[in-house]
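Chains H and C, in that order, are what the protein sequence lines are. Our numbering numbers the first residue of the first sequence as 1 and each following residue consecutively. Our numbering numbers the first residue of the second sequence as 1 and each following residue consecutively.
Please keep in mind that the hints were generated in silico from the structure rather than gathered at the bench. Where a beta carbon is used, it is the ideal one built from N, C-alpha and C, also for glycine.
Some, not all, of what chain H presents toward chain C, calculated at C-beta under 8 Å: (1) 30; (2) 33; (3) 37; (4) 40.
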Amino acid sequence: MRFVGFLLLVTGWFLVLASIVLLGSPASRGAFVFAGMAVETLGLVLVFRSHSIPREEKR
Amino acid sequence: MTTHGIPEIAAVACLFFIFLTPLAAAGLALINAGLGRSHSAAHIMMATLTALSVAGLVYFAFGFGWQGFIGGQAHTLTAAGKGWNWIAAEPFFFRKLALNGSPAFLAALLQIFCVGLAAIIPLGSGADRWRLRASCLSTAILAAWTYPLFAHWVWGGGWLAQLGVNYGLGNGFLDVGGASSIHVVGGLTALSVTWILGPRRGKYSSDGMAPAIPGHNALLIMFGCLLALVGWLGLNSAGAILFTGGEASGSGLIAMNTLLSAAAAALTAAFITNIRFGKPDASLTANGWVAGLVASSAVCAFVVPAEAVVIGSIAGGVVTFAIEWFELRLEVDDPGGAISVHAIGGLWGLLALGLFGHFHAPVLNIAGDSLPATASDSGQLLAQLIGIATLLGFVLPLTYGLNRLLNRLYPYRVSIEGERQGMDLHELGAGAYPEFITHTEDFIPR
Chain H
1 MRFVGFLLLV
11 TGWFLVLASI
21 VLLGSPASRG
31 AFVFAGMAVE
41 TLGLVLVFRS
51 HSIPREEKR
Chain C
1 MTTHGIPEIA
11 AVACLFFIFL
21 TPLAAAGLAL
31 INAGLGRSHS
41 AAHIMMATLT
51 ALSVAGLVYF
61 AFGFGWQGFI
71 GGQAHTLTAA
81 GKGWNWIAAE
91 PFFFRKLALN
101 GSPAFLAALL
111 QIFCVGLAAI
121 IPLGSGADRW
131 RLRASCLSTA
141 ILAAWTYPLF
151 AHWVWGGGWL
161 AQLGVNYGLG
171 NGFLDVGGAS
181 SIHVVGGLTA
191 LSVTWILGPR
201 RGKYSSDGMA
211 PAIPGHNALL
221 IMFGCLLALV
231 GWLGLNSAGA
241 ILFTGGEASG
251 SGLIAMNTLL
261 SAAAAALTAA
271 FITNIRFGKP
281 DASLTANGWV
291 AGLVASSAVC
301 AFVVPAEAVV
311 IGSIAGGVVT
321 FAIEWFELRL
331 EVDDPGGAIS
341 VHAIGGLWGL
351 LALGLFGHFH
361 APVLNIAGDS
371 LPATASDSGQ
381 LLAQLIGIAT
391 LLGFVLPLTY
401 GLNRLLNRLY
411 PYRVSIEGER
421 QGMDLHELGA
431 GAYPEFITHT
441 EDFIPR
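Can you make the complete structure from the sequences, with help from the hints?
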């Protein structure tokens, strides 16, 4: 889950970069930037969940 | 009269502002020490000194070579006909840097303090369990690679700064005083370190409780806040002159916005904690103050005072909830609140610049012809979002990966016995307060 989370973070960033290079209109560029950030958010959620402390390790 | 590209009066003012910036580091160090436990107070101050030393020396050796300055030598990639300036190509060890008061020299001088400031942010998060040598190694990575790379993109005329001229996105990604390159980079490093270290012993119990471990000295925290304000005035003013082409006369507005943002943030935090807990919380109010300073770093030169108050208020409010969210919901044990204050506060400041920023004069954040002021507002929000996406999608994985690798080679966390004994005694052999023992169990043989 941790690896997938970080992969999604990087993937979201690549989406944002691709939108700058490949898209011309402000609307489509903005939509893709938001889409990339949504993917990053999903990645962040996974990374945070992967770092939650197992019950047996709490002391 | 000009000296090497900027007016002489601006160069002198800039030098004065740079001399104030170490006070920001002193303030953060006191806040970190005060928010930690008494049996680790000397350790965290020692770690601050070593982090500042390592960061300065490593940045001198390698960092500036990769960060560079606007208009300096750089490597450029070409994508769809546009040049992407991604890393500087300056010689290491400040070779070929004119040591004569030029903008490049002033920038290098400021950056030595800035990288030190970024390096001490994670110390508050790793308090009570992060080994001294490990923190030095982590600082070396930050100063040699993570910080210079991102700072080049923002402050060295890199591809984020070029978003305006290349793709018509406002003035490109803007950050006056280091909300992104210092604070968010430092805050994300703090998050990575906290994940790698895990929580302090006793922080999370198996019954689902997370007892508060209060800071040991509110006086240090509050005095640190006052010192930090002076440092921030210098940092924001110097950054505005060097990295956005601001005039020395604009420093008055910058100082006003910095103070108003911090004041609004602190009062909002005090108000919220008073409503929620019945009394204002000193440590959360202090964290709100610093969050206001951090948010002001992004926007201080481009907003009017009333907007600085709004931005600071939101920063102060968000931080009080973010600290609780990280601690209780996300189980991130961050004794100094550095992640919420620096990463969340910085991200909010960067976003706020896109929402509130006004550009009445050309912004000189790239080499060559700058954009006219009238053509700069549209697309600024998108440029800021791209910068934020880069921090989360590139800097966080990078700093986490590097620190995790380092943790494999040299474990970050102190032994159980060392944590029980306290970092002062375990790593330094002496406590910060030898004459009054507050944790007697630390000194009794088991």
